[in-house]
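A.B. asks: Those sequence lines, one after another, are chains A and B.
Mapping to the working numbering: the first sequence position 14 is 14, numbers consecutive.
Mapping to the working numbering: the second sequence position 6 is 6, numbers consecutive.
A few of these clues could be false.
Derived DEER-like restraints, expressed as beta-carbon distance ranges [said to hold, decoys possible]:
1) 69(A) x 40(B): 26 to 32 angstroms
2) 18(A) x 75(B): 44 to 50 angstroms
3) 60(B) x 24(A): 24 to 30 angstroms
4) 108(A) x 40(B): 29 to 35 angstroms
5) 52(A) x 41(B): 29 to 35 angstroms
Here are the simulated BS3-like pairs of lysine-lysine, each with C-alpha atoms no more than 27 angstroms apart in a straight line [claimed, not checked]:
6) 68(A) x 3(A)
7) 3(A) x 56(A)
8) 56(A) x 17(A)
9) 3(A) x 57(B)
10) 95(A) x 56(A)
11) 57(B) x 9(B)
12) 9(B) x 95(A)
13) 41(A) x 57(B)
14) 56(A) x 41(A)
15) 57(B) x 95(A)
16) 41(A) x 17(A)
17) 56(A) x 68(A)
18) 95(A) x 41(A)
19) 41(A) x 9(B)
20) 95(A) x 68(A)
Just so you know, these hints were derived from the structure itself, not from any lab.
Because the structure is a prediction, the values reported are computed rather than measured.
Just so you know, even glycine gets a beta-carbon here, dropped at the ideal spot from N, CA and C.
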Amino acid sequence: ELKVEQNPLFLSMQEGKNYTIYCNYSTTSDRLYWYRQDPGKSLESLFVLLSNGAVKQEGRLMASLDTKARLSTLHITAAVHDLSATYFCAVEAQKLVFGQGTRLTINP
Amino acid sequence: DSGVTQTPKHLITATGQRVTLRCSPRSGDLSVYWYQQSLDQGLQFLIQYYNGEERAKGNILERFSAQQFPDLHSELNLSSLELGDSALYFCASSRSGDSGANVLTFGAGSRLTVL
Numbered sequence: 001e002l003k004v005e006q007n008p009l010f011l012s013m014q015e016g017k018n019y020t021i022y023c024n025y026s027t028t029s030d031r032l033y034w035y036r037q038d039p040g041k042s043l044e045s046l047f048v049l050l051s052n053g054a055v056k057q058e059g060r061l062m063a064s065l066d067t068k069a070r071l072s073t074l075h076i077t078a079a080v081h082d083l084s085a086t087y088f089c090a091v092e093a094q095k096l097v098f099g100q101g102t103r104l105t106i107n108p
Numbered sequence: 001d002s003g004v005t006q007t008p009k010h011l012i013t014a015t016g017q018r019v020t021l022r023c024s025p026r027s028g029d030l031s032v033y034w035y036q037q038s039l040d041q042g043l044q045f046l047i048q049y050y051n052g053e054e055r056a057k058g059n060i061l062e063r064f065s066a067q068q069f070p071d072l073h074s075e076l077n078l079s080s081l082e083l084g085d086s087a088l089y090f091c092a093s094s095r096s097g098d099s100g101a102n103v104l105t106f107g108a109g110s111r112l113t114v115l
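Okay, chain A solo, but in the shape it has when bound (with noise of 0.2 angstroms):
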């Protein structure tokens, strides 16, 4: 069974620092999304990765894939106090399968 983690859970960073935030996942799978969800809010996608060394970027956040590893990594680069949120990784093998999620706060 498709088992998709995430590290770490909870992030507590200042604005202006640099940060990652790992997806690791068990099966072979070359789809790997990136969504955000806000505080009693739904879920937005922000990145769509479908190959071995795929990159994405927008604004302050850049998303990669590394297929052989079975990682993706969310970075974010001087993070704004806009950015907190909770980011969910998800990949598909069959069906879509979420991580945990990461709870990011970005302190003033």
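Got chain A; can you put chain B on it based on the hints?
C.D. replies: This is chain B only, laid out in the frame that chain A set:
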């Protein structure tokens, strides 16, 4: 507004009761997915339908059932409710069944509280 409509937004009921959650997918989307989000279990995949047919099944309890109708809307039926069924239930939709990028668009969710 994501284009995926879920009703009701909030629902409070008692143990042993039965409820129906409804979802209208985004225009043009053929796949509908149901997820359960709770604090201790995270986001759990329940079931997927594609153009009226069941496509994939996850950790859906026997007390739960779902269907997708010819107009593509979907309903999730939860029966013999228990306290542990209290959660946020999300519906999502996508265009494709299983090929190509399958980006899900989520609805706002239905928050179920079982007392």
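A.B. asks: Each hint needs a verdict: does it hold in this structure or not?
C.D. replies: We went through each hint and held it up to the structure:
For residue 69(A) and residue 40(B), the Cβ-Cβ distance of about 29 angstroms falls inside the hinted range of 26 to 32 angstroms, so the restraint holds. A hinted range of 44 to 50 angstroms for the beta carbons of residue 18(A) and residue 75(B) is consistent with their spacing of about 45 angstroms. Between residue 60(B) and residue 24(A) the CB atoms are about 26 angstroms apart, so this pair conforms to the stated range of 24 to 30 angstroms. A hinted range of 29 to 35 angstroms for the beta carbons of residue 108(A) and residue 40(B) is consistent with their spacing of about 31 angstroms.
Distance hint for residue 52(A) and residue 41(B): a CB-CB separation of about 31 angstroms, consistent with the stated range 29 to 35 angstroms. Distance restraint check for residue 68(A) and residue 3(A): the Cα-Cα separation of roughly 16 angstroms lies within the 27 angstroms cut-off, and the hinted pair is therefore satisfied. The suggested pairing of residue 3(A) with residue 56(A) holds, with an alpha-carbon distance near 23 angstroms, which does not exceed 27 angstroms. Distance check on the hinted pair: residue 56(A) and residue 17(A) sit about 20 angstroms apart at the alpha-carbon level, within 27 angstroms; holds.
A threshold of 27 angstroms between alpha carbons decides the hint, and for residue 3(A) with residue 57(B) the separation of about 16 angstroms falls inside it, so the pair holds. Taking the CA atoms of residue 95(A) and residue 56(A), the gap is near 23 angstroms; set against the 27 angstroms cutoff, the hint holds. Simply put, residue 57(B) and residue 9(B) have alpha-carbon atoms about 24 angstroms apart, close enough for the 27 angstroms limit, and the pair holds. The hinted pair formed by residue 9(B) and residue 95(A) meets the criterion: a straight-line CA distance of about 26 angstroms does not exceed 27 angstroms.
Taking the CA atoms of residue 41(A) and residue 57(B), the gap is near 25 angstroms; set against the 27 angstroms cutoff, the hint holds. Among the hinted pairs, residue 56(A) with residue 41(A) is consistent with the structure: their alpha-carbon atoms are about 24 angstroms apart, no more than 27 angstroms. This hinted pair checks out: residue 57(B) and residue 95(A) have alpha carbons roughly 8 angstroms apart, not beyond 27 angstroms. Restraint check: the Cα-Cα separation between residue 41(A) and residue 17(A) comes to about 26 angstroms, which is no more than 27 angstroms; the hinted pair holds.
Note on residue 56(A) and residue 68(A): the hinted pairing holds, with a Cα-Cα distance of about 18 angstroms set against a maximum of 27 angstroms. Taking the CA atoms of residue 95(A) and residue 41(A), the gap is about 23 angstroms. The hint holds against a cut of 27 angstroms. For the given pair, residue 41(A) sits about 12 angstroms from residue 9(B) by alpha-carbon distance, which is consistent with the 27 angstroms threshold. Using a Cα cut-off of 27 angstroms, the hinted pair residue 95(A) and residue 68(A) holds, with the two alpha carbons roughly 20 angstroms apart.
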